[in-house]
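Okay, here's what each chain looks like letter by letter:
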Amino acid sequence: AQSVAQPEDQVNVAEGNPLTVKCTYSVSGNPYLFWYVQYPNRGLQFLLKYITGDNLVKGSYGFEAEFNKSQTSFHLKKPSALVSDSALYFCAVRDRGDSSYKLIFGSGTRLLVRP
Amino acid sequence: DTAVSQTPKYLVTQMGNDKSIKCEQNLGHDTMYWYKQDSKKFLKIMFSYNNKELIINETVPNRFSPKSPDKAHLNLHINSLELGDSAVYFCASSSRTGSSYNSPLHFGNGTRLTVT
Chain S
1337 AQSVAQPEDQ VNVAEGNPLT VKCTYSVSGN PYLFWYVQYP NRGLQFLLKY
1387 ITGDNLVKGS YGFEAEFNKS QTSFHLKKPS ALVSDSALYF CAVRDRGDSS
1437 YKLIFGSGTR LLVRP
Chain G
60 DTAVSQTPKY LVTQMGNDKS IKCEQNLGHD TMYWYKQDSK KFLKIMFSYN
110 NKELIINETV PNRFSPKSPD KAHLNLHINS LELGDSAVYF CASSSRTGSS
160 YNSPLHFGNG TRLTVT
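Protein chains in written order, with my numbering: chain S, 1337 to 1451; chain G, 60 to 175.
Just so you know, the hints here were simulated from the structure itself, not pulled from any lab data.
Check each hint, because a few of them may be wrong.
[To be verified] Derived DSBU-like pairs: lysine-lysine, alpha-carbon spacing no greater than 35 Å straight-line: (1) K1405/S x K126/G; (2) K95/G x K126/G; (3) K68/G x K99/G; (4) K103/G x K1438/S; (5) K1385/S x K68/G; (6) K1394/S x K100/G; (7) K78/G x K1394/S; (8) K81/G x K1405/S; (9) K1438/S x K1394/S; (10) K1413/S x K126/G; (11) K1358/S x K78/G.
[Stated by the list, open to error] Here are a few chain S residues that sit away from chain G, every Cβ distance over 12 Å (derived from the structure): (12) A1350; (13) T1356; (14) K1358; (15) S1362.
[To be verified] Derived list of chain S stretches under chain G, where covered just means 3 residues or more per stretch with a C-beta under 8 Å from a C-beta of chain G: (16) 1366–1378; (17) 1439–1447.
Every value quoted in this text rests on a predicted model; they were computed, and no experiment measured them.
Built from N, CA and C at the ideal position, the CB exists for glycine as well.
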């Protein structure tokens, strides 16, 4: 069974500084990996995904994520944080071999960017 | 244009009542989902339908019954509501056909259910 771990409940960073939100995963086969963002009282919005190919994936709003197979990680990064990036971030994994296409989410990490 | 829309946005009801949440998507997707987000923001999949066929049915009390009248709609009916059912319920959709098999989910804005 697949699972996702987001070890940090909250990440605090100053505006303009780089940010990293950590994610590790576990699947029996090969993974599809996703990052989503949730703003207050809203649904989740897709940021980026890793399917195959380059380990560094670029997504919306200047975010990127690096797939590391040996460490089973897919950390979300941004070179320069904005106050408006403050939100709840979810990592998710889908096992390529799972015919149900089930998408499993991590517990979420709250990002707080201070001015 | 709202891609995935859920109604109602808020639902306050008493224990023991029966209620329904409706979901519609206009993205042309063939797969729809219900997720439950608890007070700690943890998201758990409940059901998924592909072309009106149930393909995911997680360990959910049988008081919860999804219904998909067509590919664009997935409703959730809950019988005999309990306090523990209080949560935010999200509908989502995606495409499983052709090269879209790894497409992301598109979420609605959620229905906040409060059972008193």
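The hints, checked one at a time:
Distance restraint check for K1405/S and K126/G: the Cα-Cα separation of roughly 39 Å exceeds the 35 Å cut-off, and the hinted pair is therefore not satisfied. With a C-alpha separation of about 16 Å, the suggested pair K95/G and K126/G falls inside the 35 Å cut-off, and the hint holds. Distance restraint check for K68/G and K99/G: the Cα-Cα separation of roughly 19 Å lies within the 35 Å cut-off, and the hinted pair is therefore satisfied. Taken as a hint, the K103/G and K1438/S pair is honoured in the structure, with Cα atoms around 11 Å apart against an allowance of 35 Å.
About 29 Å separates the Cα atoms of K1385/S and K68/G, which keeps this hinted pair within 35 Å; it holds. Our distance criterion of 35 Å between C-alpha atoms is met by K1394/S and K100/G, whose separation comes to about 26 Å. For the proposed pair K78/G and K1394/S, the alpha carbon gap of about 42 Å is over 35 Å, so the pair is violated. Between K81/G and K1405/S the alpha-carbon distance is near 40 Å, which puts this suggested pair outside the 35 Å criterion.
A distance of roughly 23 Å separates the Cα atoms of K1438/S and K1394/S; the hinted pair therefore holds under the 35 Å criterion. Pair hint K1413/S plus K126/G does not hold up; C-alpha atoms about 39 Å apart against a cutoff of 35 Å. For the suggested pair K1358/S and K78/G, the alpha carbons sit about 38 Å apart, so the restraint of at most 35 Å is broken. For A1350/S, the requirement that its beta carbon stay farther than 12 Å from each beta carbon of chain G is met, with the minimum near 24 Å.
Once the 12 Å rule is applied to beta carbons, T1356/S is consistent with being away from chain G; the minimum gap is 20 Å. Annotated as non-interface, K1358/S keeps its C-beta farther than 12 Å from every C-beta of chain G; the closest such distance is 17 Å. Non-interface call for S1362/S relative to chain G: holds, since the shortest CB-CB distance, roughly 17 Å, exceeds 12 Å. Figure legend: the stretch 1366–1378 of chain S, annotated as covered by chain G; annotation consistent (6 residues with Cβ-Cβ distances under 8 Å, at least 3 required).
Only residues whose C-beta sits within less than 8 Å of a C-beta in chain G count toward coverage, and the stretch 1439–1447 of chain S has 5 of them, enough to reach three; the restraint holds.
Consistency with the previously given hints fails for numbers 1, 7, 8, 10 and 11, ordered from lowest to highest.
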